[in-house]
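Novice: Protein sequences, first through last, are from chains A and B.
Just so you know, numbering that gives the first Met the number 0 puts 33 at position 34 of the first sequence, and the rest follows in order with no gaps.
Just so you know, numbering that gives the first Met the number 0 puts 94 at position 95 of the second sequence, and the rest follows in order with no gaps.
Everything labelled a hint here was simulated from the structure, so no lab data went into it.
You may find that some hints are simply not true.
To be verified - Not the full set, but computed from the structure, chain B residues with beta-carbon under 7 angstroms of chain A:
1. 46
2. 47
3. 48
4. 50
5. 60
6. 62
7. 63
8. 92
In this text, a Cβ means the ideal position worked out from N, Cα and C, and glycines have one as well.
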Amino acid sequence: MNRLLPLAGFLLLVTLFGYGLWWNAHHDVTAVPSPLIGKPAPAFDLPRLHHPALRVTKADLLGKPYLLNVFASWCFACGDEHPVLMAEVHELGLPLIGYDYKDKPADARAWLTARGDPYTLVVTDQSGDTAINFGVYGAPETFLIDADGIIRYKHIGPLTPGVIRDQLAPQLRKLGVQPAPGI
Amino acid sequence: MRALLLALALLLTVSAARADSAIDALPFKNAAQEQRFQHLTGQLRCLVCQNESLADSNAGLAKDLRLQVFQQMQAGRTDAQIKQYLVARYSDYVLYDPPLKPSNYVLWFGPFAVLLAGAAGAALYLRRRSRADAAPADSGDEDW
Numbered sequence: 000m001n002r003l004l005p006l007a008g009f010l011l012l013v014t015l016f017g018y019g020l021w022w023n024a025h026h027d028v029t030a031v032p033s034p035l036i037g038k039p040a041p042a043f044d045l046p047r048l049h050h051p052a053l054r055v056t057k058a059d060l061l062g063k064p065y066l067l068n069v070f071a072s073w074c075f076a077c078g079d080e081h082p083v084l085m086a087e088v089h090e091l092g093l094p095l096i097g098y099d100y101k102d103k104p105a106d107a108r109a110w111l112t113a114r115g116d117p118y119t120l121v122v123t124d125q126s127g128d129t130a131i132n133f134g135v136y137g138a139p140e141t142f143l144i145d146a147d148g149i150i151r152y153k154h155i156g157p158l159t160p161g162v163i164r165d166q167l168a169p170q171l172r173k174l175g176v177q178p179a180p181g182i
Numbered sequence: 000m001r002a003l004l005l006a007l008a009l010l011l012t013v014s015a016a017r018a019d020s021a022i023d024a025l026p027f028k029n030a031a032q033e034q035r036f037q038h039l040t041g042q043l044r045c046l047v048c049q050n051e052s053l054a055d056s057n058a059g060l061a062k063d064l065r066l067q068v069f070q071q072m073q074a075g076r077t078d079a080q081i082k083q084y085l086v087a088r089y090s091d092y093v094l095y096d097p098p099l100k101p102s103n104y105v106l107w108f109g110p111f112a113v114l115l116a117g118a119a120g121a122a123l124y125l126r127r128r129s130r131a132d133a134a135p136a137d138s139g140d141e142d143w
């Protein structure tokens with residue numbers, strides 16, 4: 000028995016480190032959990048990208064659930080995410096509000112013109128001040144906000160078909176939104 | 000060789016310039032206030048890089064948050080209030096010294112639990128070995 004003890008200890012360590020490797024491979028270790036889940040989204044009042052004279056407030060968007068997608072023309076990962084917004088997210092049938100973060104409006108407009116505009120409407124936050132209230136620390140980030148303006152879910156990093164299927168779709172069902180078949 | 004040295008010097012200049020940019024020209028009222036600002040931002044974590052404090056980071060967001068801290072200090076808010084403001088948005092991750100509360104118990108007491116488990120294991124092993132030494136008839140442990 001005593002002779003097997005070192006082997007048992009070794010196997011325990013292998014299991015532990017193996018689990019650590021597996022966990023790191025399947026999780027974004029830099030993701031900061033948002034303390035805002037389940038809490039009201041912060042109030043905002045931001046100009047629209049395509050109609051700078053018009054402003055959008057939190058109150059304007061109440062009444063049905065929507066996705067708020069933080070993006071910027073300087074953000075490489077947003078380019079990776081863009082096709083998913085055009086296809087899978089579009090099929091969810093939910094308003095998709097673009098949140099142009101710390102970006103020049105002209106750059107953002109050119110970016111969307113070149114790639115296609117997946118957004119129902121886009122608001123701009125050039126200073127990034129309002130984004131601080133949302134706990135944004137990079138782009139892309141996506142918030143699911145319900146009809147009462149409560150943040151239900153947040154994804155940090157690009158949305159992928161897998162993330163939509165495994166994480167976002169279950170949240171949508173909880174809100175009574177039935178994602179299109181196949182998702 | 001000369002070209003290499005020149006390249007190295009250039010690299011050093013560039014990195015020095017980068018290091019400088021973490022220092023914003025904020026209009027502090029006095030040296031004490033600047034010291035308080037440096038102390039406070041030194042205790043806060045930059046969300047983008049995560050291995051740098053808010054005071055040291057060159058990230059755009061770190062700059063914005065430093066400005067927030069500065070403005071709130073000017074508005075007369077206490078260090079605790081400013082930390083609370085950031086924790087409400089970015090969770091305890093923003094603090095280098097996380098608070099003692101149930102969700103952080105593993106973080107605070109985990110290392111001591113592991114240490115205790117190791118000490119208990121070692122004590123058990125040593126006791127068993129001394130018992131085996133006292134009874135040399137047990138030939139199974141001879142090659143230990």
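Novice: It remains to establish, for every hint, whether it holds in the given structure.
Specialist: Right, here's what the structure says about each hint:
1. Nearest Cβ of chain A to the Cβ of residue 46 of chain B: about 4 angstroms, under the 7 angstroms cut. The hint holds.
2. For residue 47 of chain B, the suggested interface contact is upheld, since its CB lies about 6 angstroms from the closest CB of chain A, less than 7 angstroms.
3. This hint is violated: residue 48 of chain B has a C-beta 9 angstroms from the nearest C-beta of chain A, more than the 7 angstroms allowed.
4. Hint on residue 50 of chain B is violated. Least Cβ distance to chain A is approximately 10 angstroms, over the 7 angstroms limit.
5. The interface hint given for residue 60 of chain B holds, since its Cβ lies 6 angstroms from the closest Cβ of chain A, which is under the 7 angstroms cut-off.
6. The restraint placing residue 62 of chain B at the interface with chain A is violated, with a minimum CB-CB distance near 10 angstroms, outside the 7 angstroms limit.
7. Satisfaction of the interface hint for residue 63 of chain B is found here, the shortest Cβ-Cβ separation to chain A being roughly 5 angstroms, below the 7 angstroms cut-off.
8. Restraint check, residue 92 of chain B versus chain A: the minimum CB separation of about 5 angstroms is within 7 angstroms; hint holds.
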